[in-house]
Amino acid sequence: MKLSSYEKSVLSGSNGKLSQIALENIIRYANVLGANELCEVTKATVFCGAHHYLNYCKSDNFHELFTKMNLGKDDTILFDKTYPDCYTQSCVSPCDQFEYESLHQSKEFFDKNTFFLKESRNAGVNIAGTCAPYLTGWIPIKGEHFVTTESGMTIIGNSLWGAMGNSDGIEAAFWSSICGRTPLWGNHIEENRKATHHVVVEAEINHLIEWDLLGKAVGMKLPSSSIPVIDGHFKTTNFTKLAQFFTTISMSSNCELCHIAGLTPEARNVSDAFKGSKSQGELVITHNDLQNAYNLICDIGSHKVDFVSLGCPHYNIDLIKRAAGYLEGKKIHPNVHFMIWTVYPIKAMADLNGYTRIIEEAGGKIYTSSCPTTVGNIFLDHYSGFVFDSYKQARSVKSDTNKPVFYGSMETCIDAAITGQWEAENRWKK
Amino acid sequence: MEKITIQGRGVIHGVAEGEALVFPNSIAGWGGIDPATGVIKEPLNVNKGKSIKNKILVMSGSKGSNGWSCYFGAARAAGSAPKGWIFTKIDSSSGVASSIMQIPTVVDFSIDQNPCVLIENGDWVKINGDTGVVEIIKRKHEE
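So the protein sequences, as listed, match chains A and B.
Residue numbering for the first sequence follows this note's numbering, beginning at 1 and increasing consecutively.
Residue numbering for the second sequence follows this note's numbering, beginning at 431 and increasing consecutively.
Derived from the structure by calculation, the hints contain no laboratory data.
The beta carbon of each residue, even a glycine, is placed where N, CA and C say it ideally should be.
Misleading hints may appear alongside valid ones.
Here's a subset of chain B near chain A, in silico, CB distances under 8 Å, partners left out [said to hold, decoys possible]:
| hint | residue |
| --- | --- |
| 1 | 442 |
| 2 | 444 |
| 3 | 490 |
| 4 | 522 |
Per label pair, the in silico range of CB-to-CB distance [said to hold, decoys possible]:
| hint | chain 1 | residue 1 | chain 2 | residue 2 | range |
| --- | --- | --- | --- | --- | --- |
| 5 | A | 382 | B | 435 | 48 to 58 Å |
| 6 | B | 568 | A | 296 | 30 to 40 Å |
| 7 | B | 433 | A | 204 | 52 to 62 Å |
| 8 | A | 55 | B | 540 | 37 to 47 Å |
| 9 | B | 540 | A | 192 | 52 to 62 Å |
| 10 | A | 233 | B | 476 | 37 to 47 Å |
Next up, chain A with everything else stripped away, as it sits in the complex (with noise of 0.2 Å):
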């Protein structure tokens, strides 16, 4: 392994025994992938927070449950820093940022996630608790190197942003964040990011559900580890639009950079994301690919529903503002629990724009900092009916409970919270 003098000095010691063993966890990974050398890290987000995977470590210490699951020692270390230039902050925690009643929360619980959550920000970590870190500024420009928890994040900053970042996992982001390396290996490398297959997009591609449902069709018939350019005629993109695409193709397969010609800046065309190498394999996605994709998470059939979420990734300022807007006048039917998902920074802007006294009034939440699927089952165990606006949701939560899950655009979400019923003409088609 090749080391520079600053990353000798680290191993040695002489920057603590946290970035110590932070490092020999980072080469001890480089080692695994093959790597020769390392890289600076000025960008990371990390899973801080009481999360249910801890659990499975017996202890209420919180040093004590970092060092044994994030570190892999048990000896306890104390997670007290962070590298000084790596802009460092938080995913999505188990709970709101304040309510936890409301989600069947008990307050010791709260307590704990809000005591994690205060030892993280102590270490340097800024307390954003989100899953689209740009809402907040955290974007990697191109060449940058980051690391993120967020499976969509590693997709959106390596293809729309040409920023350099692989899937870890939530340890060695952590390992990344506080010695501020990560292997040079894989996406990090530029010879790596070529377009491997050519993913021609027969069907019409406009509405945001249609994205969403895109990044599924696609994640389904990409081959593992491939690198594809998008060839299409899209009309009427948006950087929002792209972020829900990017999010559904990672969990649907294990895709990491994804091309699309003529928008995103390594692919000015299709021959310029193969850069002289030869394609793979090419794939046809047409309209029925995308309505199978959508049968494959939507239920069958007409059903009441008392559980309507919009927001996964968390919804932008605009967002909010078109389901306010929507909202306006109406009342949500009284057995159903309907929420929006975002970041505190934006909920505090929809305050400041009458959006959240729309949506309060009409019946409605707005809440910050987590998710259905992160909150668990203790929250989702109370409803018998799922309603989301999101690919990634909607499925997370199927694999969560036995109950019925409907996923529609936002209207239709809207009018199911607003009558307590799914119904079956609602269901997406052409």
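Assemble chain B onto chain A, guided by the hints.
Frame of chain A, contents of chain B only:
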């Protein structure tokens, strides 16, 4: 008993042997296993209902969420970890999982020695994380 030897790259040292559990299409990330028992709960997984505990896992690589590694770490904390594992081709998520689990690990096999093809559930497998040698004793004929 038929014995086959294949060669990969040993990346986490140590020797482990045990019954193989083969995942040609990996295991889903977030929520694919119950860490308390090690039982696979991914709805469409070929080994749904079987436990990874004390097995030698044979996988193509990782699949899905960036949270892939933490569920194996949780299984380790709960005492439900596999004894060792091999990956046809290493990727970043399986690389992190291997680094945190620190169980004998062999990766990166040649195309004609694909462990997900050569090994079947129930075969007895011995892996050497130092030399990268994997010995397979086929058990199927005895069933």
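Check your understanding: So which hints don't hold here, by number, going up?
Key -> Numbers 2 and 9 - these are the hints that the structure violates, sorted from lowest upward.
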